[in-house]
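S.K.: Put the two chains together into one complex, using the hints given.
Each chain is listed here by its residues.
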Amino acid sequence: MINALNKLNLLIYLLHFKNWEFLKCVRPLRGEKSDFRSRFLYTHPNFSVGMAIVFLWIFPLFAFAADVPLPDSGQERRAQELFKEIRCMVCQGQAISDSNAEVAGDIRRNIRQQITSGMSEEKIKSELAQRYGDVILMNPPFKTSTVLLWLGPWVVLLIGGGAAFFYFHGAKPKKRL
Amino acid sequence: MNSNILRMLPLLILFVLSVAIALGLFSGDDRDKAIVTVNQGKKFSAYELPSLGKNEMFTPQLFGGGRVLVVNIFASWCEPCATEHEVLMKLAHKVNIYGIAWKDKPADTIKYLQQRGNPFQQIGVDEAGITTVPMAITGVPETFVLDKNGAIALHYKAPITEETMTKLFIPLISILNDKRAE
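In order, the protein sequences belong to chains A and B. For what it's worth, the numbering used here labels the leading residue of the first sequence as 1, then goes sequentially. For what it's worth, the numbering used here labels the leading residue of the second sequence as 178, then goes sequentially.
I should point out that these hints are in silico values taken from the structure, not numbers from a laboratory. Don't take every hint at face value.
The calculated SDA-like cross-link candidates involving lysine to any residue, where the alpha carbons are at most 25 Å apart (straight line), are [what the hints assert, rightly or not]:
| id | chain 1 | residue 1 | chain 2 | residue 2 |
| --- | --- | --- | --- | --- |
| 1 | B | Lys231 | B | Gly241 |
| 2 | B | Lys219 | A | Val135 |
| 3 | B | Lys219 | A | Asn110 |
| 4 | A | Lys125 | B | Lys210 |
| 5 | A | Lys143 | B | Leu202 |
| 6 | B | Lys282 | A | Asn110 |
| 7 | B | Lys210 | A | Glu102 |
Quick look at which bits of chain B chain A covers, simulated, 3 or more residues with Cβ under 8 Å [what the hints assert, rightly or not]:
| id | stretch |
| --- | --- |
| 8 | 303-310 |
| 9 | 313-321 |
Even glycine gets a Cβ: it sits at the ideal position worked out from N, Cα and C.
So here's chain B without its partners, still in its complex pose (with noise of 0.2 Å):
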């Protein structure tokens, strides 16, 4: 008997890991793994960028001061940003959102917006890539959800989609809009 549980031991084992990896390659869905959350809670380091068509730029200045905001990276040439593009015209009637346009010629990025809309507030213009590293930026689209005090909330590397937007962004906008700035 003894030996018996012995040798059925090694199978145990295995089947008990096996029973740890599918469940953490399993569970949680895809949405989880797009919230990055290094960054959470730290202020949202921007660069001054030259803004797109206006001749203020684009500064740090603008988040923060009491006032939840979304960023949104984006680019012309971007297949998932055009999906998403669709969302955040309606997330634009809720919140106000600034758009970074990474690594795109500014020709490129107004013919963009004037095909689909425009639903940023300002945009600053990144040509070179240079808040690639400052913001942990890993690809386009990527969007952050700054709350009153200009600390990142949310920084959310996958395009948006309709249910997230209802979900995830909607909801936490507004607890973070009840919030009181410190």
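The shape of chain A in the complex, shown without the other chains (with noise of 0.2 Å):
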């Protein structure tokens, strides 16, 4: 994630250098009008840079700023697989792999302690539902309680598309009739 971020801030700051060499070219002699473009903010190269300077460094620190990653990066890559299963209970509809609540931030880093001391992802996860619930698991686990939650969709398309089906093939041949 924060890779991502930082390639993408990496991308802008070197746009904003072409900016810049263009901006120079099109800059004003002396005693001509300026050019209207450097009249904008955001165009003037010390703006941009300034810019590019505050995305590249400060954003990506605060945005999990508690997270250390796992020296070893098959480690790490697990963790990170495994932060997208897990929901963030404060904020419900996100994942804690995309969320910078307190909680999240504490769940990730007992995630990879776990992780560093050898347990294996279904444990990590069991032992997580265990606590908190199943409503911690992004998916939650198929069970007697579930059932409906998991199938109630299908059946709701199968009566409809049932429905649709018998009304179509039915109806026509009646109203050419």
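M.R.: Laid out in structure tokens, this is it:
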């Protein structure tokens, strides 16, 4: 996540360098009327470079200040994959992979610790579910209590689709008569 | 007649469905939603924490041991905790309350308690939030009522109000007090 952001910001930064060169070219010679473009703050070279610096350095720092990636890249990748499957309990619709709530940060740290101690993904997930309930899993498990949740939409689709099928196949010949 | 009923069927299904959803949405009050049931009856797993202003540690040994007690998770930066604090001051007359200062600087916690009074027997300092996952905390304030064996009798994840104290906490504590420890 931070890596991707950094790449994006680097791109923005480089784009603004291009902009800068461009502005140098159109900058009016002494005595000429100034070009309208340079009047806009955001086209000013100092502004774009400043913004690039802000994005490049400060924003990633704020995003996940508490997160220390694991030294082992394989383990870190496993942790990152797992983050996508754990719900942030404060922000509900979000996974902890892209939430910067305090609690999400704590759970990320806890998962990293458990991965370094050699615990399997399934074990980590089941332990979290035991503490917080199944809600914490982005994909709730298929159980008797969640049958409606998983099959409900398909049942509705079946009823609706069936009704539509019989309606269109049954009604058309009648109308022709 | 028969086709009339058939024509009404989708509307009827919709009606039944809406009633069911409305019942699910509006039945039960917010107090029920604040009660976390997953952890009921489980042993309260506490970390060893440094305790605030004392040399001893805030340990799991404090819990259980034949006493009913309340553990409150709070922070000085949390506004609802400040309103809850007045209620805790009253509750402290009925039961021993232990506090955990969650993601809070000790200096801030001390200032907070100096201004409002201290209802806690002992306070564990959790600056980094290491208790979050083992205790299944989602935010502050949260309160646990532990029975005489140190198992969770109630996990409440909302500020305690005057009303919840008299209607929920005090009756529960007196029931737990009457039970004998195993």
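S.K.: Compare the structure with each hint and give your call.
M.R.: Hint-by-hint comparison with the structure:
1. As the CA atoms of Lys231(B) and Gly241(B) are separated by approximately 21 Å, the hinted pair is consistent with the 25 Å bound.
2. Pair hint Lys219(B) plus Val135(A) holds up; C-alpha atoms about 18 Å apart against a cutoff of 25 Å.
3. With a CA separation close to 20 Å, the supplied pair Lys219(B) and Asn110(A) stays within the 25 Å bound.
4. This hinted pair checks out: Lys125(A) and Lys210(B) have alpha carbons roughly 24 Å apart, not beyond 25 Å.
5. Straight-line distance between C-alpha atoms of Lys143(A) and Leu202(B) comes to about 23 Å, which keeps the hinted pair within the 25 Å bound.
6. Restraint check for Lys282(B) and Asn110(A): satisfied, since their Cα atoms lie roughly 21 Å apart, inside the 25 Å limit.
7. Proposed proximity of Lys210(B) and Glu102(A) is supported: the alpha carbons are some 22 Å apart, at most 25 Å.
8. Only when three residues or more bring their CB closer than 8 Å to a CB of chain A does the claim for the stretch 303-310 of chain B stand; here the count is 4, and the claim holds.
9. Coverage of a stretch by a chain is defined here by at least three residues with a beta carbon nearer than 8 Å to that chain's beta carbons; for the stretch 313-321 of chain B and chain A the count is 4, and the condition holds.
Of the hints listed earlier, there is not a single one the structure fails to meet.
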